[in-house]
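Visitor: Residue strings, one per chain:
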Amino acid sequence: MDTIIEKEAIETLERRAERRSDRRKAIMFGGAALAGIALTSKFAAAQAPAFTDADYLNFALNLEYLESQFYTLATAGVLINDSSLSSPLSIDSGDQSVKGGTVVTKAGVNAKITPVAFTTPVLQDYAGETATEERNHVTFLQTALKSAGAVSVAQPNIDLFNSFNALAVAAGIGATFDPFADETSFLLGAFIFEDVGVTAYTGAAPAITSAAILQAAASILAVEAYHAGSIRTRIYLAGTAAQDTSTKIAAARASLSASAGGAANDDIGVGTDSTGAATVVDANATAMTTSRTPAQVLAITKAFFPNGVTGNIK
Amino acid sequence: MSNKVSELLQGGFHSRRKFLAGLGMGAGTAALMGCGSDSSTTTPAPTTTAPATTPAPATGPTDADILNFALNLEYLEAEFYLFATTGQGLSAADTGAKPGATTGGAQVSFATPAIKAYALEIANDELQHVRFLRKALGAAAVDKPAVDLTNSFNAAAVAAGIGSTFNPFADENSFIVGAFTFEDVGVTAYNGAAPLLKDKTFLTAAAEIMSVEAYHAAEIRTLLAYGDPKFLALSTQISTLRGTASSSVSGGNGADETAPSSKTIVASDSNSLAYFRTPDQVLHIVYLNATAGVVSTGGFFPSGLNGTIHASAK
Numbered sequence: 001m002d003t004i005i006e007k008e009a010i011e012t013l014e015r016r017a018e019r020r021s022d023r024r025k026a027i028m029f030g031g032a033a034l035a036g037i038a039l040t041s042k043f044a045a046a047q048a049p050a051f052t053d054a055d056y057l058n059f060a061l062n063l064e065y066l067e068s069q070f071y072t073l074a075t076a077g078v079l080i081n082d083s084s085l086s087s088p089l090s091i092d093s094g095d096q097s098v099k100g101g102t103v104v105t106k107a108g109v110n111a112k113i114t115p116v117a118f119t120t121p122v123l124q125d126y127a128g129e130t131a132t133e134e135r136n137h138v139t140f141l142q143t144a145l146k147s148a149g150a151v152s153v154a155q156p157n158i159d160l161f162n163s164f165n166a167l168a169v170a171a172g173i174g175a176t177f178d179p180f181a182d183e184t185s186f187l188l189g190a191f192i193f194e195d196v197g198v199t200a201y202t203g204a205a206p207a208i209t210s211a212a213i214l215q216a217a218a219s220i221l222a223v224e225a226y227h228a229g230s231i232r233t234r235i236y237l238a239g240t241a242a243q244d245t246s247t248k249i250a251a252a253r254a255s256l257s258a259s260a261g262g263a264a265n266d267d268i269g270v271g272t273d274s275t276g277a278a279t280v281v282d283a284n285a286t287a288m289t290t291s292r293t294p295a296q297v298l299a300i301t302k303a304f305f306p307n308g309v310t311g312n313i314k
Numbered sequence: 001m002s003n004k005v006s007e008l009l010q011g012g013f014h015s016r017r018k019f020l021a022g023l024g025m026g027a028g029t030a031a032l033m034g035c036g037s038d039s040s041t042t043t044p045a046p047t048t049t050a051p052a053t054t055p056a057p058a059t060g061p062t063d064a065d066i067l068n069f070a071l072n073l074e075y076l077e078a079e080f081y082l083f084a085t086t087g088q089g090l091s092a093a094d095t096g097a098k099p100g101a102t103t104g105g106a107q108v109s110f111a112t113p114a115i116k117a118y119a120l121e122i123a124n125d126e127l128q129h130v131r132f133l134r135k136a137l138g139a140a141a142v143d144k145p146a147v148d149l150t151n152s153f154n155a156a157a158v159a160a161g162i163g164s165t166f167n168p169f170a171d172e173n174s175f176i177v178g179a180f181t182f183e184d185v186g187v188t189a190y191n192g193a194a195p196l197l198k199d200k201t202f203l204t205a206a207a208e209i210m211s212v213e214a215y216h217a218a219e220i221r222t223l224l225a226y227g228d229p230k231f232l233a234l235s236t237q238i239s240t241l242r243g244t245a246s247s248s249v250s251g252g253n254g255a256d257e258t259a260p261s262s263k264t265i266v267a268s269d270s271n272s273l274a275y276f277r278t279p280d281q282v283l284h285i286v287y288l289n290a291t292a293g294v295v296s297t298g299g300f301f302p303s304g305l306n307g308t309i310h311a312s313a314k
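Protein chains in written order, with the numbering used here: chain V, 1 to 314; chain R, 1 to 314.
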């Protein structure tokens, strides 16, 4: 065995671990806090609102409305309830008592846009796949809530224009950002959402009481992680400019999360670390993804929901 | 990893509850659709998920059994990626007192810097997963079982109709196909196991590790979509093989494979939910055994897994 090579390999891996270690420490406490929330029955019941499984599914539904609108605009130029779609979705509450909110696009309120002009067929395929999957998640959650005897929430008001501009300023990537301008912009726009969805689902998982609902939530979580992994792989392939932008966006997300009690630097962009390894996975030193509370998720996504989200978790 | 979380994890074993009965998660989604939340009002009590019809205390696997099952899979993945990137497997410090031997494995000559960067990242992630699980399990951690990275791939090649041999270390494209063999399986294994975990801290950890495996899976599937169609075709054959082995026993959510393509980066069902598998199904895959019945060795684990969960019940 070549001990020098072995030593170098170990040192390389340790340097890499150190790079993420700050985040790890903070996340450890975050994880402990999450576990604490899930186990409050004996210790601190008063601290945690008693949200039901349905509340968590409705919270997730808000995020799926947002994602599905983004991808459907990118690929078809229309909203998810547009009659031109083969299977338009309902954005109203499950009992029809509340009408779905509006979506601000770069063309106006509830206005169609020109879909992203994809130049890479493989990426266009993927965008179409993701749009379908996010719409399926909306339908699944609406159906699951109904089957559970609960009422699915209506779509909140969504902003997919001013929000991106505000984030661009916050992230220091310019005065404006149009994720529908071209396919690389689309990648970065998608990047904003996907990792956040992962952290939201892992954050909620321990609070869910029904094994069947937990199984469903975990299965959606995995799909969001597939999405995030694919988007980040493509950002890596897109080159250092896109990678650098993703790093700035990740820092902005971390800052927003921290404003709601999230761990410092709980996010990492796409790039290459000092060991030559890629950072496709948005993970900490122990190679685990971050978990965020609903409050942290809402702090990150606030700009996209100008009037907040619908449901009990808001 | 901080001592704090280690203590937390260790403490979790002391307070671990008896495993709930009714392990069959095969009807998980159906149960969700039909019954909905079985406890949607208050903070969870330990016994809320135990079926009322259970005649006697359950004797299923403990959380430690499940985490050890996962540890076996992480040993396998870590060996594969560490050999591919460094030419060596896990160090003695990471494999326990009496580890099994590893057959095969070699450093891959990467021609594309990005693919090497991805491989380095995944190798470290899997190493960190081994270390995390070993630390979480403490003295209960099983040693690395014997792993075969040569005859296993050859047998898989024959079974999948690829040819008489397959060397995943031959070149970077073969490496991607080799990686594909594992990653989606890891997702389904964690997804199936997550709802079985009693301790919420372990559940969160499992969800976070599953997310990382899904990032990896998407990364590999994305690279296949961008790469030589020849290797995408090989992966499709492997996907079919996995599905055949998995479906040799009941459980999970039925047809549990989605062949990779530019339009199917995500492996998920018609609701766009990721698949989940029972330990029995995973065992049939990693033992490369598509014949229903008890199976306890073979394929990637010539001497079987270490730990309580090592032989399929059917």
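Honestly, I wouldn't trust all of these hints.
[Claimed, not checked] Here are some of the chain R residues that sit facing chain V, going by a computed Cβ distance under 7 Å:
1) ASP65
2) SER109
3) PHE110
4) LEU120
5) HIS129
6) VAL187
7) LYS200
8) SER211
9) ALA214
10) TYR226
11) ASP228
12) PRO229
13) PHE231
[Stated by the list, open to error] Result set (BS3-like, lysine-lysine): computed pairs, CA atoms no more than 27 Å apart in a straight line:
14) LYS230(R) x LYS263(R)
15) LYS302(V) x LYS112(V)
16) LYS112(V) x LYS135(R)
17) LYS106(V) x LYS248(V)
18) LYS116(R) x LYS248(V)
19) LYS198(R) x LYS230(R)
No wet-lab data here; the hints were simulated from the structure.
In this text, all values refer to a predicted model and were calculated from it rather than measured experimentally.
We put the CB at the ideal spot given by N, CA and C, even for glycine.
Visitor: Given LEU120(R) was flagged as interface, is its beta-carbon under 7 Å from a beta-carbon of chain V?
Guide: Hint on LEU120(R): holds, closest Cβ of chain V at ~4 Å, below 7 Å.
Visitor: Once the shortest beta carbon distance from ALA214(R) to chain V is found, is it less than 7 Å?
Guide: holds (3 Å)
Visitor: For the hint on PHE110(R), does the least C-beta distance to chain V fall short of 7 Å?
Guide: It is violated, given that the least Cβ distance between PHE110(R) and chain V is near 11 Å, above 7 Å.
Visitor: Holds or violated: are the alpha carbons of LYS198(R) and LYS230(R) at most 27 Å from each other?
Guide: violated (44 Å)
Visitor: Within 27 Å, alpha carbon to alpha carbon, are LYS302(V) and LYS112(V)?
Guide: At roughly 23 Å apart (the allowed maximum being 27 Å), LYS112(V) and LYS302(V) satisfy the hint.
Visitor: Holds or violated: are the alpha carbons of LYS230(R) and LYS263(R) at most 27 Å from each other?
Guide: Holds, because 17 Å separates the two Cα atoms, which is no more than 27 Å.
Visitor: When the nearest CB of chain V is found for ASP65(R), is that gap smaller than 7 Å?
Guide: violated (17 Å)
Visitor: Are TYR226(R) and chain V close enough, Cβ to Cβ, to be under 7 Å, as the hint says?
Guide: Status holds, d = 6 Å.
Visitor: Tell me if PRO229(R) is really an interface residue toward chain V, meaning its C-beta lies closer than 7 Å to one of theirs.
Guide: It is violated, given that the least Cβ distance between PRO229(R) and chain V is near 11 Å, above 7 Å.
Visitor: Double-check SER109(R) for me: the hint is only fine if its C-beta lies closer than 7 Å to a C-beta in chain V.
Guide: SER109(R) check fails; min Cβ-Cβ to chain V is 15 Å, beyond 7 Å.
Visitor: Identify whether the interface hint at SER211(R) stands, where standing means a beta carbon of chain V within less than 7 Å of its own.
Guide: Hint holds; SER211(R) Cβ to chain V Cβ min 4 Å, cut 7 Å.
Visitor: Have a go at the LYS200(R) hint: is there a Cβ in chain V nearer than 7 Å to its own Cβ?
Guide: holds (4 Å)
In summary, the numbered hints that this structure violates are 1, 2, 3, 11, 12, 13, 16, 19.
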